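Undergrad: Protein chains in written order, with the working numbering: chain A, 697 to 902; chain B, 158 to 290.
Be aware that a few hints might be false.
[Stated by the list, open to error] With a straight-line Cα cutoff of 16 Å, these simulated EDC-like cross-link-like pairs (lysine to aspartate or glutamate) come out:
1. A:K887 to B:E159
2. A:K885 to B:E246
3. A:K874 to B:D160
4. A:K887 to B:D160
5. A:K802 to A:D861
6. A:K887 to A:E798
7. A:K874 to A:E889
8. A:K885 to B:E159
9. A:K885 to B:D165
Derived by calculation from the structure, the hints in this document are not laboratory data.
Owing to the predicted nature of the structure, the values given are computational and were not obtained by experimental measurement.
As a plain string of letters, each chain reads:
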Amino acid sequence: MVVWRREQSHMSQPMILEQPSDAELMARVREGDREAFTDLVDRHKDAVVTYLVRLTADRDRAEDLAQETFLRLFRSAGDYVEQGYLRAFLFRIATNLVRSEERRAKRLRLLMPFLPRPEHTEPAAPSGMLRREMHREVSAAVANLPLRYRVPLVLHEIEGWTYVDIAQELGCREGTVKSRVHRGRQQLKEKLEPYWNGGTAWKTTG
Amino acid sequence: MEDHRLGDLLRELPREQARPGFTARVLHRLDAPERRRSIPRLALATVLTVALAVTAGLLIDARRNALESSRAEKALAEIRAEHARLEREVRELSDPPSVVYLGGNEDVDLVLDLGKVRGSEGATPAAYHGETF
Numbered sequence: 697m698v699v700w701r702r703e704q705s706h707m708s709q710p711m712i713l714e715q716p717s718d719a720e721l722m723a724r725v726r727e728g729d730r731e732a733f734t735d736l737v738d739r740h741k742d743a744v745v746t747y748l749v750r751l752t753a754d755r756d757r758a759e760d761l762a763q764e765t766f767l768r769l770f771r772s773a774g775d776y777v778e779q780g781y782l783r784a785f786l787f788r789i790a791t792n793l794v795r796s797e798e799r800r801a802k803r804l805r806l807l808m809p810f811l812p813r814p815e816h817t818e819p820a821a822p823s824g825m826l827r828r829e830m831h832r833e834v835s836a837a838v839a840n841l842p843l844r845y846r847v848p849l850v851l852h853e854i855e856g857w858t859y860v861d862i863a864q865e866l867g868c869r870e871g872t873v874k875s876r877v878h879r880g881r882q883q884l885k886e887k888l889e890p891y892w893n894g895g896t897a898w899k900t901t902g
Numbered sequence: 158m159e160d161h162r163l164g165d166l167l168r169e170l171p172r173e174q175a176r177p178g179f180t181a182r183v184l185h186r187l188d189a190p191e192r193r194r195s196i197p198r199l200a201l202a203t204v205l206t207v208a209l210a211v212t213a214g215l216l217i218d219a220r221r222n223a224l225e226s227s228r229a230e231k232a233l234a235e236i237r238a239e240h241a242r243l244e245r246e247v248r249e250l251s252d253p254p255s256v257v258y259l260g261g262n263e264d265v266d267l268v269l270d271l272g273k274v275r276g277s278e279g280a281t282p283a284a285y286h287g288e289t290f
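Chain A extracted, bound-state conformation (with noise of 0.2 Å):
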């Protein structure tokens, strides 16, 4: 951020302001300064958002993980330990609503099994849009993807986090991350074989 000044002279001079970094934001939201959490949140929610979109197709609930997903930021700001990534904890709090969220959906699937189970899709876009049918079919194939393989694809593919990190993150071994990222992928293709032109061009459905 740049800020010009006049000075005495009548020359302006920049005067740059530094952001506060995610650490030093942290630190004050621990002593409950809102501000600063307000910050982060605009600073990181478009971020948190576009994982969740990934991880459930679903832009409602998206929404509501997400903002719950700092509500928890605030509340735990106690037990956050600095490590120089705030994003990474804010991703690992999403992961886990979202596998809580589903764990919750599929007790309930067990209790009464004649309840239709949830397909991941996004609303359908207006004919002629092959670009956003496109990004609607990919999106509702990753959501489909089990957890385990989700969170390591989105996080690798998209995110674009290395193997290591992901690992770290994820609390297991690098191999086990490439093997799930590499299942994902397998699955995804699976997936999306039938709208894939030979290799060449996304085909057009009706």
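Dock chain B against chain A, hints included.
TA: Using the frame of chain A, we list chain B on its own:
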């Protein structure tokens, strides 16, 4: 589909933006009491109904079992009594008679009381005794 093409497809997915008012909603929820997760009412009602039906079925089954058990016990007692009576009759039939009718005439009946016959000194031919008549 090659891995790199799949990766391209995934990375082409649009980045999302939080809806306007997102931060305000978070702050509002921070001040609101923590909301409980609500189980859908229909689901809850169904689960409760199923639980009640299962419990009722188990109670009815237990009551039926108790009735059948008491009937079975009564029948068993009757069988045991009948068995004891039959045992008694069989014992009576197998026990030897205590008196034997030897004969008689119009005036005298000759009856031998086996209970008074001594075992080794029971009836023996006269020649076995020392005295003769």
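Undergrad: Against each hint, give a clear statement of whether it holds in the structure.
TA: Against the structure, the hints:
no., hint, in the structure
1, A:K887 to B:E159, "holds, 14 Å"
2, A:K885 to B:E246, "violated, 89 Å"
3, A:K874 to B:D160, "holds, 13 Å"
4, A:K887 to B:D160, "holds, 14 Å"
5, A:K802 to A:D861, "violated, 29 Å"
6, A:K887 to A:E798, "violated, 21 Å"
7, A:K874 to A:E889, "violated, 22 Å"
8, A:K885 to B:E159, "holds, 9 Å"
9, A:K885 to B:D165, "holds, 13 Å"
When held up to the earlier numbered hints, the structure conflicts with 2, 5, 6 and 7 and fits the remainder.
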